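Engineer: Put the two chains together into one complex, using the hints given.
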Amino acid sequence: MKVKRPELSLLKKIFLVDLIKGLLLTFSYQRPSKNYTEQYPKVRPKVSERYRGAPRLNNDPETGETLCIACNLCALACPEHCIEVGWERDAASKKVLTDYTFDISRCMFCGLCEDACPTPCLELTQDFELSLYGRKDMKWDRQKLEEGNQPVVYTK
Amino acid sequence: MEFAIDYILIPLVKIALLLAVLPLAVAALTLFERKIIAYMQVRLGPMRVGPWGLLQPIADPIKLLLKEDIIPAGADRWIFVLAPVISVISAFIVFAVIPFGPEINIFGKAIPLWITDLNIGALYVLSISSVGVLGIILAGWASNSKYPLLGALRSAAQMVSYEVAMGFSIIGVLMLAGSLSLVNIVKAQQSSGVWYVFYQPVAFLLFFICGVAETNRAPFDLPEAESELVAGFHTEYSGFRFSLFFLAEYANMITVSAMAVTLFLGGWLRPFPNVPWLGFLDIIPPLFWFIFKIIVFMYFYFWFRASWPRYRYDQLMKLGWQRLLPLAMANVIVTAILVVLLRG
Numbered sequence: 181m182k183v184k185r186p187e188l189s190l191l192k193k194i195f196l197v198d199l200i201k202g203l204l205l206t207f208s209y210q211r212p213s214k215n216y217t218e219q220y221p222k223v224r225p226k227v228s229e230r231y232r233g234a235p236r237l238n239n240d241p242e243t244g245e246t247l248c249i250a251c252n253l254c255a256l257a258c259p260e261h262c263i264e265v266g267w268e269r270d271a272a273s274k275k276v277l278t279d280y281t282f283d284i285s286r287c288m289f290c291g292l293c294e295d296a297c298p299t300p301c302l303e304l305t306q307d308f309e310l311s312l313y314g315r316k317d318m319k320w321d322r323q324k325l326e327e328g329n330q331p332v333v334y335t336k
Numbered sequence: 038m039e040f041a042i043d044y045i046l047i048p049l050v051k052i053a054l055l056l057a058v059l060p061l062a063v064a065a066l067t068l069f070e071r072k073i074i075a076y077m078q079v080r081l082g083p084m085r086v087g088p089w090g091l092l093q094p095i096a097d098p099i100k101l102l103l104k105e106d107i108i109p110a111g112a113d114r115w116i117f118v119l120a121p122v123i124s125v126i127s128a129f130i131v132f133a134v135i136p137f138g139p140e141i142n143i144f145g146k147a148i149p150l151w152i153t154d155l156n157i158g159a160l161y162v163l164s165i166s167s168v169g170v171l172g173i174i175l176a177g178w179a180s181n182s183k184y185p186l187l188g189a190l191r192s193a194a195q196m197v198s199y200e201v202a203m204g205f206s207i208i209g210v211l212m213l214a215g216s217l218s219l220v221n222i223v224k225a226q227q228s229s230g231v232w233y234v235f236y237q238p239v240a241f242l243l244f245f246i247c248g249v250a251e252t253n254r255a256p257f258d259l260p261e262a263e264s265e266l267v268a269g270f271h272t273e274y275s276g277f278r279f280s281l282f283f284l285a286e287y288a289n290m291i292t293v294s295a296m297a298v299t300l301f302l303g304g305w306l307r308p309f310p311n312v313p314w315l316g317f318l319d320i321i322p323p324l325f326w327f328i329f330k331i332i333v334f335m336y337f338y339f340w341f342r343a344s345w346p347r348y349r350y351d352q353l354m355k356l357g358w359q360r361l362l363p364l365a366m367a368n369v370i371v372t373a374i375l376v377v378l379l380r381g
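If you read the sequences in order, they're chains A and B. Using our numbering, you'd call the opening residue of the first sequence number 181 and step up by one each time. Using our numbering, you'd call the opening residue of the second sequence number 38 and step up by one each time.
For the record, the hints were derived by calculation from the structure and aren't laboratory data. Just so we're clear, the structure is a prediction, and the values are computed from it rather than from any experiment. None of the hints are false.
Cβ pair distances, simulated, as ranges:
(1) B:Leu55 - A:Thr217: 34 to 40 angstroms
(2) B:Ala65 - A:Gly244: 58 to 64 angstroms
(3) B:Asp351 - A:Pro186: 16 to 22 angstroms
Lysine-lysine pairs mimicking BS3-like chemistry, simulated, CA-CA at most 25 angstroms apart:
(4) A:Lys192 - B:Lys355
(5) B:Lys355 - A:Lys201
(6) B:Lys355 - A:Lys182
(7) A:Lys182 - A:Lys193
(8) B:Lys51 - B:Lys224
(9) A:Lys182 - A:Lys192
(10) B:Lys355 - A:Lys193
(11) A:Lys275 - A:Lys324
(12) A:Lys184 - B:Lys355
One-sided excerpt, in silico: chain B residues whose CB lies under 8 angstroms from chain A:
(13) Met77
(14) Arg80
(15) Trp340
(16) Ser344
In this text, a Cβ means the ideal position worked out from N, Cα and C, and glycines have one as well.
Chain B with its partners taken away, still in its complex shape (with noise of 0.2 angstroms):
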């Protein structure tokens, strides 16, 4: 009996949770940022479904839901219908090593608030995530169409390429840390009293750099460059299978936010855990912590496709092959000269 409650029953129910919680949020998110988005370009954004918008994301995927869904006659349609599934699995499994907050206590019973503790959660990551980029492939490819195709080449290039980047990149805090568990990494920079983007401030920021790119965001959204390729490698899908690649879009930004907290801002931690006088925030629960974290990188993902215009082709393999991996490198061979050198 307390076999299955522990291994069947609380992990069946905090997946159902994230199940169910995952695709509000990103519902959520979308009006976020095309409210962000309007007011940084001096407009409004959605007024009219609700009092102030509010409504819109319920309205959105009702209207995508009714939608007819077309299968293009010339389309691979196994391959065609496998696309988004792909994606979306991918970009959901994620979360199941994601730590959202410390064990909590419910009913005498301490309840982790991660479904589970790879001890190899950051890998975990790192490689699901390039599973989702077959997903994009394979769409890109099925469609038989042009702009999929085209779509689809850049994605495979830049996710390749931005991947190797992001990998050297977490290396760092991984030596720090000496851990590959999510849960431990957050544990870690709790005793050391410490958020790791201050041991790591470049880290971090190639691993930002790199997570925009790898989720397709501008500014590095060839794959769906809207005025070059249409949408990219989704043209030709509508309705459900169209909503599918967008909650994967949308959740893999979730991910990359969620990992830059924990790997870099201290996860559930409140700011400075090491100083004392600052307990009184103590109050506020460590889940809104890494809530409002996430939602202060999506904030940063909107304000840059408010700001920035994409990156040319030649441009964006330049910059990842030639600044980024290069710059990674050097972070890892440095961090790792005063690892020994400090720790003896």
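Next up, chain A with everything else stripped away, as it sits in the complex (with noise of 0.2 angstroms):
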């Protein structure tokens, strides 16, 4: 395909009027407030709203007991089969949590557990650094999905 060069009236030849534009477009990109950069480890990032990250088990503010029902419908919206929930009953026949177990190596984080889940339990949260160094450990129990992922915190 032949494209057609854009014609250039002779005025715009002999000032180099694109070329002064161009001159000017980067020096206006100087301007610190239109810097781009985050200094990621540093200062933390901004992560957008909607962001779904690591998974958490929320507990209730008051009264610090899980707000689960063991009612099992995250693992059953789960598509990759990445949720465990254990449970046993109580007297009263009811369902109790025992353990519970997410594996976020297989986790493609669609959010379709929180969805499902009936309580403000199950949540993705913002947090993004899940690097690990090893593949067991990318199994969160109870306890770790109750603390919350804990990002190291960088000093320097």
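Structural biologist: Here it is, written out as structure tokens:
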């Protein structure tokens, strides 16, 4: 395909208008407020509001007990089957959560579990620092999920 | 004794000072360049070495000097070693004639801020800067490798063709000043009270464009075009020898800026030397004005690099021979006619 060259008027050619336009553009970019770089490990980056990151099991802020009712809906909703909910019946034959495993190595952070959860218990948080030293560390148990992911704080 | 001090001791001190300051200036310029280009590209540039990256110019040379110095097996050893030396020497000896400031008094002795005042200073600078091409050609040839050779060929063609237009562009100034000595050119601007850029705006633009091309900087950086030729003529160089080429390139940029300042922007003179009410500016030492003007030019170099894409090779040749050269010649003729008519 032959691309037609843009026609430049003689005045534009003589006074190099397009080159000067380019210069002015780069000059205006120098304003520090235009700067786009995030000083990541030093400064926490701004994560998008709807970002789905590390999972967490929320506790009731008043009693400190888990909000999970062991309904198993999250495990059923998960397309990757990476959630396992363990429960037992108490005296009143009500389900009580015993243990909870979340395999973040298989999780694709689709958020279906979060949507399925009838209580505000399971939440995919904004935290994104999920690198670990081994595959076995990626199976998060109930304790880890209730504490939430604790990223290493950068100091220097 | 008097003779020894005047002709041996003082010049030696000046030379030593220059040789010490110039690499430091180059190191500082690299940080200046990286920061400016970074901000123009909406980034921050070096931030991790020292506060605001200020120690980066110290870390860079240390890294370069500690690196392994490799000479390729197929290279022509002697010429490979010689080439960066030629480059760096020709870049440095130009500074012998550049007037950094007027004469100053130290211990009751008038000491001029130039190493020597050659009566053919402008010619000397032009001729030495063409010797610099030799270093580049030798480097490309001695490397025994495709990319360096291509880079060297391009560099040779480019420098030869832009040298012509550069030479023509300064003739106008020489006619106005009536002298080839750089010191006398500045003094002529002082006595006429006007920077020559106002008499010779076209020549000034031509000189700077050719200067950018001479120093192989963007948008004329074909000899080291990263995207096409890896690193051009210094592809095979590493460590200390590479840093010599690097030093030479930046020293050449300073030279071109210093020449443009001396010939067109009144050297060490303050802005508008003929306007009396600006006299309060005389408190600032002339050396400051000279360095300040050079820094402005360096800023332009970096600004161009951040803004413009590289010329294609045929466009480069076309621009040099078909646009700049005729324009420079026309400028010479018009200036000559005006000088004859106005001086009677």
